[in-house]
Amino acid sequence: MATSFLRRRPAIRFNRRQITLWSIALCTLFLVAIVFSNRFIGDTGLDPALTQRNQPPSLAHLFGTDWLGRDMLTRSLHGMSLSVRVGLLAAGFSAIIGTGLGLMAGTLGGKVDAVITWIIDVFFSLPHLVLLIMISFALGGGTEGVIIAVALTHWTSLARIIRAETLQVNSSDYVQLSYKFGRSPFWIARHHMLPHVIPQLLVGLILLFPHAILHEAALSFIGIGLSPHTPAIGIILAESMRNLSTGYWWVGVLPGLLLLLAVQAFDTLGENVRALIDPKTSQG
Amino acid sequence: MLIGKQLAFRYPHHNWIVRNFDIAIAPSEVVGLFGPSGFGKTTLSKLLAGYLTPTQGQVTIDNSPLPDRGYCPVQMVFQNPELAVNPRWRIRKILAEKQPPDRFLLNALSIHPSWLDRYPHELSGGELQRVAVARVLNPATRYLIADEMTAMLDANTQALIWHMVLDYVRSHNIGLLVISHDAALIKRVCNRAINLMQVGTSR
Numbered sequence: 006m007a008t009s010f011l012r013r014r015p016a017i018r019f020n021r022r023q024i025t026l027w028s029i030a031l032c033t034l035f036l037v038a039i040v041f042s043n044r045f046i047g048d049t050g051l052d053p054a055l056t057q058r059n060q061p062p063s064l065a066h067l068f069g070t071d072w073l074g075r076d077m078l079t080r081s082l083h084g085m086s087l088s089v090r091v092g093l094l095a096a097g098f099s100a101i102i103g104t105g106l107g108l109m110a111g112t113l114g115g116k117v118d119a120v121i122t123w124i125i126d127v128f129f130s131l132p133h134l135v136l137l138i139m140i141s142f143a144l145g146g147g148t149e150g151v152i153i154a155v156a157l158t159h160w161t162s163l164a165r166i167i168r169a170e171t172l173q174v175n176s177s178d179y180v181q182l183s184y185k186f187g188r189s190p191f192w193i194a195r196h197h198m199l200p201h202v203i204p205q206l207l208v209g210l211i212l213l214f215p216h217a218i219l220h221e222a223a224l225s226f227i228g229i230g231l232s233p234h235t236p237a238i239g240i241i242l243a244e245s246m247r248n249l250s251t252g253y254w255w256v257g258v259l260p261g262l263l264l265l266l267a268v269q270a271f272d273t274l275g276e277n278v279r280a281l282i283d284p285k286t287s288q289g
Numbered sequence: 042m043l044i045g046k047q048l049a050f051r052y053p054h055h056n057w058i059v060r061n062f063d064i065a066i067a068p069s070e071v072v073g074l075f076g077p078s079g080f081g082k083t084t085l086s087k088l089l090a091g092y093l094t095p096t097q098g099q100v101t102i103d104n105s106p107l108p109d110r111g112y113c114p115v116q117m118v119f120q121n122p123e124l125a126v127n128p129r130w131r132i133r134k135i136l137a138e139k140q141p142p143d144r145f146l147l148n149a150l151s152i153h154p155s156w157l158d159r160y161p162h163e164l165s166g167g168e169l170q171r172v173a174v175a176r177v178l179n180p181a182t183r184y185l186i187a188d189e190m191t192a193m194l195d196a197n198t199q200a201l202i203w204h205m206v207l208d209y210v211r212s213h214n215i216g217l218l219v220i221s222h223d224a225a226l227i228k229r230v231c232n233r234a235i236n237l238m239q240v241g242t243s244r
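Those protein sequence lines, which keep their order, are chains A and B. In terms of the working numbering, the first sequence opens at residue 6 and continues consecutively. In terms of the working numbering, the second sequence opens at residue 42 and continues consecutively.
FYI, nobody ran anything at the bench for these hints, they're computed from the structure. Here the structure is a predicted model, which is why all the values come from computation and not from measurement. A virtual CB, placed ideally from N, CA and C, is assigned to each residue, including glycine. Any given hint could be a false lead.
The calculated label-pair distances, taken between Cβ atoms and stated as ranges, are [claimed, not checked]:
no.	chain 1	residue 1	chain 2	residue 2	range
1	A	97	B	47	48 to 58 Å
2	B	229	A	272	41 to 51 Å
3	B	124	A	115	17 to 27 Å
4	B	47	A	283	40 to 50 Å
5	B	57	A	113	49 to 59 Å
6	A	135	B	47	16 to 26 Å
7	A	116	B	124	28 to 38 Å
Non-contacting residues of chain A with respect to chain B, defined by C-beta distances greater than 10 Å in every case (computed) [to be verified]:
no.	residue
8	33
9	139
10	180
11	181
12	182
13	187
14	197
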């Protein structure tokens with residue numbers, strides 16, 4: 006049946022699984038390209054060239070130039086590369102902490118659960134941005150400061166979701182049966198709970214990623230994040246605020262679009278990986 | 042002997058669900074437990090299999106209490122097979138959670154080899170229940186509690202599962218407790234039956 010179908014229409018047709026795999030490959034390629042783009046592009050566009058100030062997008066400068074004559078495409082790619090790395094690291098650490106603690110609380114229960122829930126509540130009761138600023142400041146700012154601050158403050162909501170999910174799975178017949186089969190809590194956490202929380206983990210990671218980028222931008226904006234001459238996307242966007250009203254739209258819009266594309270690529274990546282993992286859709 | 046002595050159970054601040062209940066099941070004996078809904082049939086099966094700890098009384102196997110850790114020699118087959126298997130595991134992994142299954146056992150339960158790579162939602166309820174039964178029929182199981190094991194299934198599957206389980210129980214000297222509200226079924230498969238209406242549990 007499939008062969009006759011192909012013979013009639015020789016154009017390349019993909020089934021759903023192939024589309025999923027292709028989406029994953031393309032999004033991964035795009036993000037990897039952004040992360041390594043600064044290596045290929047070099048640093049020349051970052052130097053001020055006062056003769057070429059405020060030029061609109063052209064073939065020589067695809068994203069235009071800013072008020073110091075710096076090439077916006079080069080700056081944007083450098084900035085995205087840094088931001089994607091910072092965002093991934095911070096969101097990744099956050100997700101690991103959240104998953105670990107959530108699984109522990111849900112599986113071991115009792116006192117462990119009480120202590121972890123208490124820590125989560127403490128973090129929730131502190132204003133988010135204040136805690137970020139304090140941790141970042143205590144670590145002396147800079148890239149590491151931002152990564153550690155975002156990682157330490159963003160795991161709580163994910164941990165709560167994963168704890169709730171784990172508690173629900175823990176009371177199910179098949180997990181109770183697994184205990185009666187003599188399986189240890191760690192084995193059960195690894196084999197029964199983890200496959201269950203991976204979709205939550207992916208969604209959490211995807212939601213954390215733009216958060217991490219924006220917080221990095223916020224910290225840089227008030228001067229304890231990255232240093233102002235670093236071409237981070239947050240700094241570029243903050244600078245562009247001044248230029249929007251004067252008609253230099255490309256300084257803000259194009260880097261913003263690039264950020265949007267990167268976040269969207271991450272989102273699509275997460276969706277498709279989840280579809281691949283979920284048994285209900287993985288064999289379709 | 043699997044013995045439940047003066048079993049009583051209630052959740053904190055609630056009425057008794059089960060009270061002063063005695064039961065003894067010998068190896069290779071098939072005992073029926075009969076009663077209408079709400080008489081604590083499932084609670085009793087969970088007490089005997091160690092899923093719940095009795096508020097009063099105790100459950101012993103050959104005069105020692107049920108083990109806390111390791112494989113429990115009293116195993117239970119649940120009413121809803123869909124809830125008793127991890128929806129994210131393939132059938133192969135579900136069957137092998139205790140130990141990889143015997144090929145003869147799979148044949149006897151007509152579990153087709155092509156199912157092994159499927160996920161639970163790709164099998165029907167009757168097919169899944171056969172998988173759930175195959176999972177607990179292993180040499181370490183000495184008593185089996187079938188809590189409405191075939192209540193949800195069609196007549197053919199019911200007959201297949203009961204023939205197979207009764208054969209296995211007899212040849213492996215396993216004690217079987219059949220819990221059901223179907224008097225005809227209990228009469229057909231059991232050596233003796235306990236009627237909860239006459240014994241009286243809580244109400």
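Taking the hints in turn, this is what the structure says about them:
Against the hinted window of 48 to 58 Å, the Cβ-Cβ separation of residue 97(A) and residue 47(B) comes to about 56 Å, which satisfies the hint. In this structure the hint that residue 229(B) and residue 272(A) lie 41 to 51 Å apart at CB is violated, the actual value being about 58 Å. With their beta carbons about 25 Å apart, residue 124(B) and residue 115(A) fall inside the hinted range of 17 to 27 Å. Range check, residue 47(B) to residue 283(A): about 48 Å between beta-carbon atoms, so the 40 to 50 Å window is met.
Separation of residue 57(B) from residue 113(A) is about 31 Å and departs from the stated range, judged on CB atoms against 49 to 59 Å. Between residue 135(A) and residue 47(B) the CB atoms are about 60 Å apart, so this pair departs from the stated range of 16 to 26 Å. Look at residue 116(A) against residue 124(B): about 29 Å separates their beta carbons, and that is inside 28 to 38 Å. Once the 10 Å rule is applied to beta carbons, residue 33(A) is consistent with being away from chain B; the minimum gap is 24 Å.
With 10 Å as the threshold on Cβ separation, the claim that residue 139(A) sits away from chain B holds: the shortest Cβ distance comes to roughly 40 Å. Separation of residue 180(A) from chain B is inadequate, the least Cβ-Cβ distance of about 8 Å not exceeding the 10 Å criterion. Against chain B, the non-interface label of residue 181(A) is violated: not every CB pair exceeds 10 Å, the least being about 6 Å. With a closest Cβ-Cβ approach of about 6 Å to chain B, residue 182(A) is found to fall inside the 10 Å limit, against its non-interface label.
Separation of residue 187(A) from chain B is inadequate, the least Cβ-Cβ distance of about 4 Å not exceeding the 10 Å criterion. The claim that residue 197(A) lies off the interface is violated: its Cβ sits roughly 6 Å from the closest Cβ of chain B, which falls inside the 10 Å cut-off.
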